[in-house]
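Visitor: Take a look at the letters that make up each chain.
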Amino acid sequence: MPTIGASPARVDARAKVTGQAVYPADISFPGMIYGQTVRSPYAHARIVSIDTAAALQVPGVLCVLTARDIPGHNGQGVVFQDMPVLARDEVRSVNDVVALVGATTPAAARAGAARVKITYEELPALFDPVAAMQPGAPRVHPARDNIIYHLPIRKGNIEAGFAAAAVVVENTYRTQLLDHAFLQPEAAVARLDERGHLVIYVATQYVHWDRTEVARVLGWNQDRIRIVAPAVGGAFGGREDMTLQALVALLALHTRRPAKMVLSREESFLAHSKRHPMIMRYKTGATREGRLTALEAEIIGDSGAYSSWAPNILRKAAIHATGPYVIPHVKIDAYAVYTNNPFTGAMRGFGATQPPLAYESQMDELAARLGIHPFTIRWLNAFRQGDVTATGQVLESSVGLVDTMVQAARAAGWPLEQLIPGGKGE
Amino acid sequence: MSKKRGIGMACFFYGTGYGNGFPDVSTATVEIHEDGTATVRSGAVDCGQGSSTVLAQIAAAELGVPYTWVTVISADTDTTPDAGTTAATRQTYASGNAVQMACRQARETLFEYTRTLLGVNTIAGLVAREGFIYVKSYPAKQIPYPEAATRARLAGYRLVGQGSFVTHTTAVDRETGQGAPYWPYAFGTQIAEVEVDTETGQVQVLKLVAAHDVGRAVNRQGVEGQIAGGIGQGVGMALLEKVHLQEGRIVNNSFSTYLIPTTMDMPEVEPLIVESHEPTGPFGAKGVGEPATIPTVPAIINAIYNAVGVHITELPVTPEKILAALKEKDGGTKE
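Sequence order for the protein chains is A and B.
Numbered per the numbering used here, the first sequence spans residues 1 to 426.
Numbered per the numbering used here, the second sequence spans residues 1 to 335.
You may find that some hints are simply not true.
Part of the chain A face toward chain B, derived, beta carbon under 7 Å [to be verified]:
1. P30
2. V232
3. P356
4. L357
5. G392
6. S397
Think about it this way: if two alpha-carbon atoms lie no more than 27 Å apart in a straight line, the pair counts; the simulated DSS-like pairs of lysine-lysine are [what the hints assert, rightly or not]:
7. B/K242 x B/K3
8. B/K3 x B/K327
9. B/K242 x B/K136
10. B/K321 x B/K242
11. B/K327 x B/K4
12. B/K321 x A/K283
13. B/K141 x B/K4
14. B/K329 x A/K283
15. B/K327 x A/K283
If you are wondering where the hints come from, they were derived from the structure by calculation, not from laboratory data.
These figures come from a predicted structure and were not determined experimentally.
No residue lacks a Cβ here, since even glycine has one placed at the ideal position from N, Cα and C.
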């Protein structure tokens with residue numbers, strides 16, 4: 001009965017199948033209040049004025065918080081703190097939260113939010129990352145170039161690589177803006193405990209990072225902030241950036257009452273990051289036998305209005321742009337670009353999920369042009385132990401790629417003896 | 001016959017972990033109680049993917065006690081140490097290593113005392129398995145774990161351990177991209193079978209064979225669940241999902257207009273687990289969380305190419321795109 005490799009019942013199986021698992025939305029405290037955001041209707045605008053008087057007249061409304069109510073740093077983000085908790089002078093995307101209403105019931109909070117009068121002066125906005133990259137394009141963030149990050153990868157001699165190719169395939173691929181669509185929309189509860197410490201229950205991917213971010217926004221010491229993740233209903237990268245953490249904290253501190261926020265599915269779409277849409281220009285060359293000689297790729301990722309993980313994600317896209325193949329001559333350029341679109345960030349695969357559309361389509365087109373089977377062209381070029389990636393990294397151990405190829409092909413009923421050059425597996 | 005079938009293949013590699021030289025650290029602690037059960041503390045958030053289960057399995061295997069003797073406390077900044085984020089396919093590898101290190105330390109403390117009870121001259125001469133500690137190559141001489149733990153504690157030993165594991169990577173050069181940015185790498189191959197209706201442009205994914213090199217499957221059902229879920233998200237990305245914007249505003253922010261796959265859209269999934277054994281991983285494990293979804297889109301795209309001879313380059317592959325591509329391929333004339 002070895003424990004490793006078995007499938008014992010999950011530690012949370014009983015709680016989940018009986019419905020007893022506690023998600024943040026299930027948590028309540030006496031005297032708890034509810035929060036409702038007011039988000040920007042514009043992709044880019046100057047905030048001229050915020051009038052909270054009518055909202056504060058709504059029965060049950062206790063407070064309307066704006067940027068001036070933030071005691072610490074009004075910025076959050078995993079790499080750069082370029083996303084305000086509450087927008088102050090300017091909104092850069094329709095995700096931006098401008099005001100936060102606290103009330104004794106969710107309905108009162110919504111009614112209050114509908115009565116917050118914000119006057120905007122709409123400004124020109126950038127929606128196309130290629131346009132945003134051009135010299136002279138208006139900056140989304142005055143202090144930073146729209147090109148947040150650029151990674152070039154250079155290996156060998158790209159001209160020589162294409163000169164050695166018998167066939168070259170060139171295409172441009174485009175992936176789309178995607179939502180994580182996790183089952184449980186954002187939910188969080190904050191309260192001050194008997195020590196005066198702030199406790200936040202939230203569906204998140206990283207409690208210790210949330211503590212760092214909340215402490216910075218509040219200007220508090222970290223030892224007085226406790227973050228707890230109860231059951232989490234899926235994440236897929238969509239819970240890496242702050243959504244409700246600082247908002248419930250501000251409400252609890254301002255009112256000295258427990259504060260809760262649970263997003264509707266509709267608002268959940270607005271609140272968290274998305275998968276980077278990528279434009280991928282690819283040029284791939286191979287010999288008549290099907291050996292890859294050269295790959296040139298330009299990848300542009302739309303980060304939207306805030307950076308989130310953009311540098312890390314486009315780095316990952318660049319490093320994985322070759323696919324799992326030995327290619328002697330490589331030229332790759334990956335760019336992360338600010339626009340006024342909803343911000344993008346981590347999502348399952350983190351920048352390495354988009355390039356396979358390109359590199360694997362290229363492989364099948366090369367195979368078709370050369371008249372060889374898709375399995376065979378991959379077999380000829382696949383990483384084996386000891387091979388070197390486009391970044392010069394030696395794959396020293398645990399390189400099971402060709403084993404997965406053989407097992408998958410066998411399960412699909414492909415005639416391996418005909419597809420493997422030489423007729424034998426390894 | 002307007003329905004045409006095709007088969008498509010896609011391979012991938014995926015560097016797990018934060019990468020690029022960033023401090024990718026996970027810390028865990030463990031305490032063995034006098035009855036032989038143990039409490040593991042790790043900051044790792046289980047987002048539903050099953051990390052707490054995997055960490056309990058790793059702890060049980062390293063301590064040498066049954067799985068049901070281990071409790072994992074997780075995801076609380078007041079009571080658990082920082083394990084890093086649940087992302088980058090890193091919790092089985094990084095936190096698994098941290099838990100294994102912590103458990104090894106606690107077990108070796110227990111062994112230091114137990115060896116005197118069993119008359120062994122070094123802890124290397126002891127083995128713990130399923131709640132018993134016995135002499136290596138002489139299993140008849142053994143002691144139940146609870147008895148050893150109780151006596152060790154009475155002798156003043158405290159059976160605690162802590163492990164901090166750092167995944168080794170280096171930053172890539174900013175001019176050339178050269179370096180060793182990730183470790184370990186996951187690999188895999190998926191083969192999709194699709195049916196394309198050339199009259200309506202509709203694509204049905206019939207089957208996905210998914211072979212993934214996970215190093216070592218700590219929890220086989222967990223790996224298979226990740227593969228099925230990853231394929232579900234891949235089918236959505238390939239055929240259905242797109243957030244539509246108008247002037248930067250999301251217009252389809254509900255599940256009636258943002259379509260994700262239902263069970264009716266799911267293909268038959270045949271998961272195949274390949275175990276290449278990663279020497280730096282806990283019991284040889286790497287990870288499967290993100291990799292499961294990565295090759296699904298190109299496998300489907302290549303299957304469509306195989307079925308009807310058109311390569312769609314822009315996602316998602318809507319029926320309109322299929323029909324337009326077929327029309328262009330046929331030189332603007334209808335069949």
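Visitor: The structure should be examined with respect to each hint, and the outcome stated for every one.
Guide: Against the structure, the hints come out as follows:
1. P30: 22 Å, violated
2. V232: At about 4 Å, which falls below the 7 Å cut-off, the nearest Cβ of chain B leaves the hint on A/V232 intact, so it holds.
3. P356: This hint holds: A/P356 lies near chain B, its Cβ roughly 5 Å from the closest one there, short of 7 Å.
4. L357: 5 Å, holds
5. G392: Cβ of A/G392 sits 4 Å from chain B, so the hint holds.
6. S397: 5 Å, holds
7. B/K242 x B/K3: Holds - the C-alpha atoms of B/K3 and B/K242 are around 26 Å apart, at most 27 Å.
8. B/K3 x B/K327: 16 Å, holds
9. B/K242 x B/K136: Judged against 27 Å, a Cα distance of about 59 Å means the pair is violated.
10. B/K321 x B/K242: Distance ~14 Å between B/K321 and B/K242 Cα, so the pair holds.
11. B/K327 x B/K4: Holds. B/K327 to B/K4 sits at ~16 Å (cutoff 27 Å).
12. B/K321 x A/K283: 23 Å, holds
13. B/K141 x B/K4: Judged against 27 Å, a Cα distance of about 67 Å means the pair is violated.
14. B/K329 x A/K283: 22 Å, holds
15. B/K327 x A/K283: Roughly 25 Å separates the two Cα atoms, so the pair holds.
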